[in-house]
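Engineer: Residue numbers (full-length UniProt numbering), protein chains in the order written: chain A, 1 to 689; chain B, 1 to 154.
Just to be clear, a hint being listed does not mean it is correct.
[Stated by the list, open to error] Cβ-Cβ distance ranges computed for the label pairs, FRET-style:
{"no.": "1", "chain 1": "A", "residue 1": "D568", "chain 2": "B", "residue 2": "G19", "range": "25 to 33 angstroms"}
{"no.": "2", "chain 1": "B", "residue 1": "G19", "chain 2": "A", "residue 2": "G455", "range": "54 to 62 angstroms"}
{"no.": "3", "chain 1": "B", "residue 1": "G19", "chain 2": "A", "residue 2": "Q353", "range": "48 to 56 angstroms"}
{"no.": "4", "chain 1": "A", "residue 1": "D568", "chain 2": "B", "residue 2": "N9", "range": "47 to 55 angstroms"}
{"no.": "5", "chain 1": "A", "residue 1": "H342", "chain 2": "B", "residue 2": "V102", "range": "37 to 45 angstroms"}
{"no.": "6", "chain 1": "A", "residue 1": "A487", "chain 2": "B", "residue 2": "D123", "range": "52 to 60 angstroms"}
[To be verified] Just so you have them, the derived chain A footprint on chain B, three or more residues with Cβ under 8 angstroms:
{"no.": "7", "stretch": "40-46"}
{"no.": "8", "stretch": "59-66"}
{"no.": "9", "stretch": "90-96"}
[Stated by the list, open to error] With a Cα cut of at most 30 angstroms, we get these calculated DSS-like pairs of lysine-lysine:
{"no.": "10", "chain 1": "B", "residue 1": "K86", "chain 2": "A", "residue 2": "K317"}
{"no.": "11", "chain 1": "B", "residue 1": "K66", "chain 2": "A", "residue 2": "K612"}
{"no.": "12", "chain 1": "B", "residue 1": "K67", "chain 2": "A", "residue 2": "K659"}
{"no.": "13", "chain 1": "B", "residue 1": "K66", "chain 2": "A", "residue 2": "K665"}
{"no.": "14", "chain 1": "A", "residue 1": "K665", "chain 2": "B", "residue 2": "K34"}
{"no.": "15", "chain 1": "A", "residue 1": "K332", "chain 2": "B", "residue 2": "K34"}
{"no.": "16", "chain 1": "B", "residue 1": "K86", "chain 2": "A", "residue 2": "K665"}
Calculated directly from the structure, the hints in this document are not laboratory data. Beta carbons are placed, not taken as given, at the ideal position from N, Cα and C, and that holds for glycine.
These are the residues of each chain, in order.
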Amino acid sequence: MDISQYMGMFLEESREHLQTLNNCLLDLENDPGSLAVLDEIFRSAHTIKGMSATMGFTTIAELTHEMENVLDLLRKGTVPANDDVTDTLFKCVDTLEQLVENVASNSDKPIEIKPLTAKLAAIARGDFSAAPNKQAAPSMTGLSEAEAVSAEPIKFDATEIHVVKAAKQQGMECYDVQIELREGCLLKSARAYMVMNALEELGEVIKSIPAVEDLERENFDYSFQVVIVTGVDSERIEQAVTSISEVEKVCVASSVIAANQEMAPHAVAQPERTLTNKNDKQPLKDRGEKPAVNDANSNVADKKLKSGQSVRVDIDKLDSLLNLVGELVINKTRLEQIGITHRLAELVETIEQMDRVTTDLQAVVMKVRMVPVGQVFNRFPRMVRDLSRELNKEVNLIIQGEETELDRTVIDEIGDPLVHLLRNSIDHGIEQPAERQAKGKNPIGEIRLIARHEGNNVIIMVEDDGKGINADIIKQKALEKNLITQAEADKMEQSEAIRLVFLPGFSTADAVTDVSGRGVGMDAVKTKIESLGGMVDVETKINEGSKFKIRLPLTLAIIQALLVKVCDEIYAIPLGSIDSTINITPENIKTIQSQEVILLRGQIIPIVRLSKVLNSPDTCVHNQDELFVVIVHMGENRAGIIVDTLIGQQEIVIKSMGKLLAGIKVIAGATILGNGQVALILDVGALKQ
Amino acid sequence: MSEVTYSGNEVQLVVFKLGREEYGVSILQVQEIKRMTDITRVPHSPEYIKGVINLRGSVLPVIDLKKRLNLPPMDYTDDTRIIIVKVEDIIIGMIVDAVSEVTTIDQMSIEPPQTVVGGIAADYLTGVGKMEDRLLILLNVEAIIGIGQEVKAG
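If we strip away everything but chain A, and leave its shape as in the complex, we get (with noise of 0.2 angstroms):
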């Protein structure tokens, strides 16, 4: 079989199914009683297992199958959730994920897993540093054959619990057969159909735990039950059953039904139950549907339901999609022209509607591009826990906001800075648990990480309750490091000291950890979120917590811009970054050491000559009486910018111009006029040299 092209799709898939993982062992660390949770880990693992068995990647599929020996244990309760077992799950999770990138990036590097194939070999034997728990799980010994076949009766619905009592009253008996398959049994499907066919013969099938679509789709383990109503006795049933090859176990009760379902689980009698073992090497245990799966099914069913809905679709595509509308769009004001130059009023009039659709589509498109933050944002949990535990703190992490959508663009960029932001806030901010309790603080820590829209743009904070930042700790540093003089560290204040923070170089950590202080943080952090056209600000108060706020544009696509005309050459200038335009004459410009500069409401506002920063060509001649001022804002600093002309005001999507002439300075990019021209957008933080 030529795996490659479902190459992409198992990458994909095992992804998901690695975070899902991660996140389900996070809530497990929390709830490890949690059934629910259990099944859910279960149900990735053996996904990942299925995908890397049928392309041929022994060792994920080697690795997952001994995870889910243990989870099984785990979901019977005869392995406790406890710290040890969780985090040599984590420990397999990591692996997995290595394995993964492994095979995504076609490496052979070799990776270990007999270390951790050993340890969950030992766990399943029971052999398991017992970590304090709140649920000690009874030992897989300690379990009573009597403990081990009672089971809480199958829920049935009124329609079922009818046909039941109709049965009964013609003398038929209604069985709970639960079959178990030999493990590593292939094909389960098909045995479950065998199954199901050798039942229907007898009697009347009514029921299935799972659903037989689920039977079909493979989507159980090695266990099913089948409700059966029948004439015959338990012995027939079994011995049909039985007969199948690749069953492991048959156990055949008469089923306990509906009037007792109301009552206590445990309470209910099993009378005549048979026990059937192929193979008698260990007793067997129940697998009977537990109340509390029931929710959990419905729960994970919500899921599914929601994500069923939506389609995966190749980012490329989008990208060429928006760039077919982009085309669209120039295209239509092509036709506008035309239509207006030769006085065409129909084709005007078609236009106008062909431009309400283009308009639409074009939004439509945006809208597709937009992805919940929470991707990012669902990775941090297990990076969190991580860490706290390194450091000895006790962190706890608050999401907000997830489902706040970011273009695809700016998602994928916005990760490292969130990890490093976090990182300083657990490493810095926060405090040990004692130092914390000693300041009357929760000795919990606790970090905030909200996202909401804001308008146009889409804010992201990080924020602790840990120690804060000290601005004369931050002087005194900057001062050693040589990056601000004293007198500047005299006269500046509190806020504007806390800035320094984000200075190249910068680190209030006296010993580099493996976690930060070595200085590169947040000056990577300001620079990266400045070149997806955002700003990262900081509050911070002592003993309360800091508070980092980045704000985003919404996408990185489509932009506002101001459009200039600078000796014939037009450009953008990003709206986000301008204040205001303003007109003067020439008598306005006064110098400063030979800067040229303005008085704007008071404020001296130095000037750059577009004409000249651009190398613009001697020969155009600029209107002298009536300049033009765009007065721009690059973080802190304002200056003005001297065009030829204001053109206006309009929408503009960025295009790349390639890797040949990425990185040129003061330009950030192209875009495309209505007219098919390529205008040049300005990069206004690298104006000011």
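Based on these hints, arrange chain B on the given structure of chain A.
Structural biologist: Okay, now just chain B, sitting in the frame of chain A:
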């Protein structure tokens, strides 16, 4: 050298003119040939980069091939064409004086560049093809685009 794979012994070339000389690039590298169009100047880019054009919605750089090869400049005419080439994942346009034909040349009749003595740096060539009474200068597009060497802004 060039990553172009030649099938059999024959190479298919797009032949174009720069001044009075004839040049060739492998047809496998050529995406399309375009008439002269509006070119937007890019400030602070290398001198041989004429600017950027709009090719059906994507923006791509166009280089003045003669400037790149240090050949004397000539005004653009009706015959001037932009050859769009793709090397690795870089797509660029090259301005040439005229495109004459697509032809096939035997691999055996290509002389390696070190034996060539001429105005153009040997780095930019993959060789010279001999065709009866004509000589085709075969361009090394990778070198011309500058793959492997950083384009210095300014």
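Engineer: Work down the list of hints and note, for each, if the structure agrees.
Structural biologist: Evaluation of the provided hints:
1. A:D568 to B:G19: 25 to 33 angstroms: Hint holds: Cβ distance 30 angstroms, inside 25 to 33 angstroms.
2. B:G19 to A:G455: 54 to 62 angstroms: Hint holds: Cβ distance 57 angstroms, inside 54 to 62 angstroms.
3. B:G19 to A:Q353: 48 to 56 angstroms: Taking Cβ atoms as reference, B:G19 and A:Q353 lie about 52 angstroms apart, which means the hint holds.
4. A:D568 to B:N9: 47 to 55 angstroms: About 52 angstroms separates the Cβ atoms of A:D568 and B:N9, which means 47 to 55 angstroms holds.
5. A:H342 to B:V102: 37 to 45 angstroms: 39 angstroms, holds
6. A:A487 to B:D123: 52 to 60 angstroms: For A:A487 and B:D123 the Cβ distance comes to about 54 angstroms; the hint holds.
7. 40-46: It holds: at least three residues are needed, and the stretch 40-46 of chain B offers 6 whose Cβ sits within less than 8 angstroms of chain A.
8. 59-66: holds (count 3)
9. 90-96: holds (count 3)
10. B:K86 to A:K317: 20 angstroms, holds
11. B:K66 to A:K612: 27 angstroms, holds
12. B:K67 to A:K659: 20 angstroms, holds
13. B:K66 to A:K665: 25 angstroms, holds
14. A:K665 to B:K34: This hinted pair holds, its Cα atoms lying about 29 angstroms apart.
15. A:K332 to B:K34: 22 angstroms, holds
16. B:K86 to A:K665: Within the cut-off at roughly 25 angstroms; holds.
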